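With chain B fixed as given, assemble chain P onto it according to the hints.
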Amino acid sequence: MYYKFSDFTQKLTGSAPLAAYSPQGLRLGVPAESPAMIFATPTKLVSEAQATVEYLGANKVPDFQRLFQASDSIPVHLKRGLPDRLLYRTTMALTLGGALYCLVALYITAQPRNK
Amino acid sequence: MAHQAHAYHMVDPSPWPLTGAISALLMTSGLATWWHYKTTTLLFLGTTLLLLTMFQWWRDIIRESTFQGHHSTPVQKGLRYGMVLFITSEVFFFIGFFWAFYHSSLAPAIELGGLWPPTGITPLDPFEVPLLNTAVLLASGVTVTWAHHTIMEGARKPALQSLTLTVLLGLYFTALQAMEYYEAPFTLADGVYGCTFFVATGFHGLHVIIGTTFLMVCLLRHTHYHFTSNHHFGFEAGAWYWHFVDVVWLFLYISIYWWGS
Numbered sequence: 001m002y003y004k005f006s007d008f009t010q011k012l013t014g015s016a017p018l019a020a021y022s023p024q025g026l027r028l029g030v031p032a033e034s035p036a037m038i039f040a041t042p043t044k045l046v047s048e049a050q051a052t053v054e055y056l057g058a059n060k061v062p063d064f065q066r067l068f069q070a071s072d073s074i075p076v077h078l079k080r081g082l083p084d085r086l087l088y089r090t091t092m093a094l095t096l097g098g099a100l101y102c103l104v105a106l107y108i109t110a111q112p113r114n115k
Numbered sequence: 001m002a003h004q005a006h007a008y009h010m011v012d013p014s015p016w017p018l019t020g021a022i023s024a025l026l027m028t029s030g031l032a033t034w035w036h037y038k039t040t041t042l043l044f045l046g047t048t049l050l051l052l053t054m055f056q057w058w059r060d061i062i063r064e065s066t067f068q069g070h071h072s073t074p075v076q077k078g079l080r081y082g083m084v085l086f087i088t089s090e091v092f093f094f095i096g097f098f099w100a101f102y103h104s105s106l107a108p109a110i111e112l113g114g115l116w117p118p119t120g121i122t123p124l125d126p127f128e129v130p131l132l133n134t135a136v137l138l139a140s141g142v143t144v145t146w147a148h149h150t151i152m153e154g155a156r157k158p159a160l161q162s163l164t165l166t167v168l169l170g171l172y173f174t175a176l177q178a179m180e181y182y183e184a185p186f187t188l189a190d191g192v193y194g195c196t197f198f199v200a201t202g203f204h205g206l207h208v209i210i211g212t213t214f215l216m217v218c219l220l221r222h223t224h225y226h227f228t229s230n231h232h233f234g235f236e237a238g239a240w241y242w243h244f245v246d247v248v249w250l251f252l253y254i255s256i257y258w259w260g261s
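Just so you know, the sequences run in chain order B and P. Under UniProt numbering, the first residue of the first sequence is numbered 1, with each subsequent residue one higher. Under UniProt numbering, the first residue of the second sequence is numbered 1, with each subsequent residue one higher.
What the hints contain is simulated information worked out from the structure, not anything from laboratory work. None of these values were measured; they are calculated from a predicted model. Please note that the accuracy of each hint is not assured.
[What the hints assert, rightly or not] Below, simulated DSS-like cross-link-like pairs (lysine-lysine); rule was C-alpha separation at most 30 Å, straight line:
| no. | chain 1 | residue 1 | chain 2 | residue 2 |
| --- | --- | --- | --- | --- |
| 1 | P | K77 | P | K157 |
| 2 | B | K79 | P | K38 |
| 3 | P | K77 | B | K60 |
| 4 | B | K60 | B | K79 |
| 5 | B | K60 | P | K38 |
Same shape as in the complex, but just chain B (with noise of 0.2 Å):
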């Protein structure tokens, strides 16, 4: 690790071997080749970027709100169809069969323990 004193501050910082303070003017032996550069990876196009949610992704309420306004007489909570039934169907089932679990249960616990 090399050290020079930083322009303005004058603190301690890290620097290349040529930039290096030496205070008697010795220059140990310099590495005969600086380590690559690696610079971070080039700025993404914003068309191009992948996480970036500030543009992304066009505005699709227009179309959520024709197909919710559909007039079908189906409920809002099966109106997309397929993900909602299924989605349903799971949540029922774990309702059903979890009311009657716990009626067991509770029928179960409520017996005397006799000692």
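Frame of chain B, contents of chain P only:
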């Protein structure tokens, strides 16, 4: 579809109140069977059902409002009243725990050594992590207000930034508090001090997690263009809840952390 002659929202028949009620039954029975018989099946089932109910119910509300346009001005007014009443009920919930704290700490029992903090308890230094937590929550109150103004102005990028910052601050608070809980020299079992401390701050922490989740959903909705500059009550409700969480912390900090140390 017959046209209604009023501006109120007649909701479609929904199964979620039933599933929610059953989940409450399962969770309470589950707690009893967990404590008495060491089985967590019912509790786990009840919690899963609760999460499913919440997801689908609130998803449906988003559909009814953003996609179907049912949230007219009178409907929104009703929702505002509803949120205010809910937060008021939560205030009373916390008043109970503050009552318990002041009851025990204003006139400390002889069994505690007649002083507060009780003999043998080393309280947390209020000017270390608790003070940082106070700064974090106050800052998050600023960022959520900033978010509100940017939403009202239609400034998309600053709105997303400020809302993200608010969520990050909320997560930071939770992480800091979790670390404090782990490192604390006293536990829930340490008499009335431990009890009042952990129950009050514990319920507060739970509300921070709820509030952070609420704001995360708002952030997600904002990325999907759900909020407009003059209709974004979902966000406002979240912001109100967040300010409530902040105020409760200030009371906790002053009473339990500072005065109580």
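Find the hints from earlier in the document that the structure breaks and name them by number, from lowest to highest. The structure breaks hints 2, 5; every other hint is satisfied.
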